[in-house]
Amino acid sequence: MQREWTNIDVLRMEKFLLLVRRYVGVSFEVLKRSGWEREMVEEMSGVWGEVPFNVEDNRVPNGIRFHVLDVWVDEVERVGLLEEGEGNLEVLEMLLEPVRKLAKESPTKAVRKKAKEVLEDERLPGNEKQPEEEKEDDAWGGIKE
Numbered sequence: 001m002q003r004e005w006t007n008i009d010v011l012r013m014e015k016f017l018l019l020v021r022r023y024v025g026v027s028f029e030v031l032k033r034s035g036w037e038r039e040m041v042e043e044m045s046g047v048w049g050e051v052p053f054n055v056e057d058n059r060v061p062n063g064i065r066f067h068v069l070d071v072w073v074d075e076v077e078r079v080g081l082l083e084e085g086e087g088n089l090e091v092l093e094m095l096l097e098p099v100r101k102l103a104k105e106s107p108t109k110a111v112r113k114k115a116k117e118v119l120e121d122e123r124l125p126g127n128e129k130q131p132e133e134e135k136e137d138d139a140w141g142g143i144k145e
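Taking the numbering used here, the leading residue of the sequence shown gets 1, the next gets one more, and so forth.
Because the hints were derived from the structure by calculation, they are not lab data. In this text, a Cβ means the ideal position worked out from N, Cα and C, and glycines have one as well. Some hints could be false.
[Said to hold, decoys possible] Have a look at the derived ranges for each label pair, beta carbon to beta carbon:
| # | residue 1 | residue 2 | range |
| --- | --- | --- | --- |
| 1 | 38 | 11 | 40 to 50 Å |
| 2 | 3 | 105 | 36 to 46 Å |
| 3 | 3 | 127 | 34 to 44 Å |
| 4 | 12 | 85 | 33 to 43 Å |
| 5 | 110 | 51 | 17 to 27 Å |
| 6 | 85 | 58 | 21 to 31 Å |
| 7 | 2 | 101 | 15 to 25 Å |
[Said to hold, decoys possible] Heads up, simulated SDA-like pairs for lysine to any residue below, C-alpha to C-alpha not over 25 Å straight-line:
| # | residue 1 | residue 2 |
| --- | --- | --- |
| 8 | 109 | 90 |
| 9 | 116 | 33 |
| 10 | 101 | 57 |
| 11 | 116 | 127 |
| 12 | 104 | 85 |
| 13 | 109 | 123 |
| 14 | 15 | 25 |
| 15 | 101 | 26 |
| 16 | 116 | 42 |
| 17 | 104 | 75 |
| 18 | 116 | 44 |
| 19 | 104 | 33 |
| 20 | 32 | 113 |
| 21 | 101 | 27 |
| 22 | 116 | 35 |
| 23 | 113 | 78 |
| 24 | 32 | 43 |
| 25 | 15 | 37 |
| 26 | 109 | 78 |
| 27 | 116 | 34 |
| 28 | 101 | 15 |
| 29 | 32 | 83 |
| 30 | 32 | 58 |
| 31 | 109 | 79 |
| 32 | 101 | 23 |
| 33 | 15 | 84 |
| 34 | 104 | 15 |
| 35 | 32 | 109 |
| 36 | 113 | 40 |
| 37 | 113 | 58 |
| 38 | 101 | 79 |
| 39 | 113 | 85 |
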């Protein structure tokens with residue numbers, strides 16, 4: 001798919017994007033069914049690091065990277081990995097490692113930025129949205145007597 005990515009016409013692109021999303025989702029489903037077995041999680045994390053999140057292979061189109069990053073947290077959330085549970089945080093950390101590497105080492109600034117946005121997603125543990133503090137009104141209040 002990565003070889004032909006730039007040749008996919010607009011009418012078929014949505015189907016390929018859906019295929020990529022389903023692949024990501026099913027990958028997480030398989031890991032969930034295995035009980036988040038450590039060896040399988042590490043292996044899958046390695047696969048993510050080799051293909052869509054590979055920082056050294058210029059043959060991987062950035063469009064694939066962007067789309068996988070777009071759906072990453074959605075699909076992790078869908079399988080219930082973001083819920084508090086025994087071992088979920090450790091599994092999530094292993095799965096986020098290729099994203100972290102992409103955020104640090106990608107030669108493309110836009111890809112690094114997108115990966116950092118994924119890592120800062122408020123749905124991920126430790127990124128909870130802080131309540132907004134009341135802002136002081138900086139507008140001119142007129143002449144005070």
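Exercise. Against the structure shown, which of the earlier numbered hints fail to hold, in ascending order?
Worked result: 2, 6, 8, 9, 12, 19, 20, 22, 25, 26, 27, 28, 30, 31, 33, 34, 35, 36 and 39
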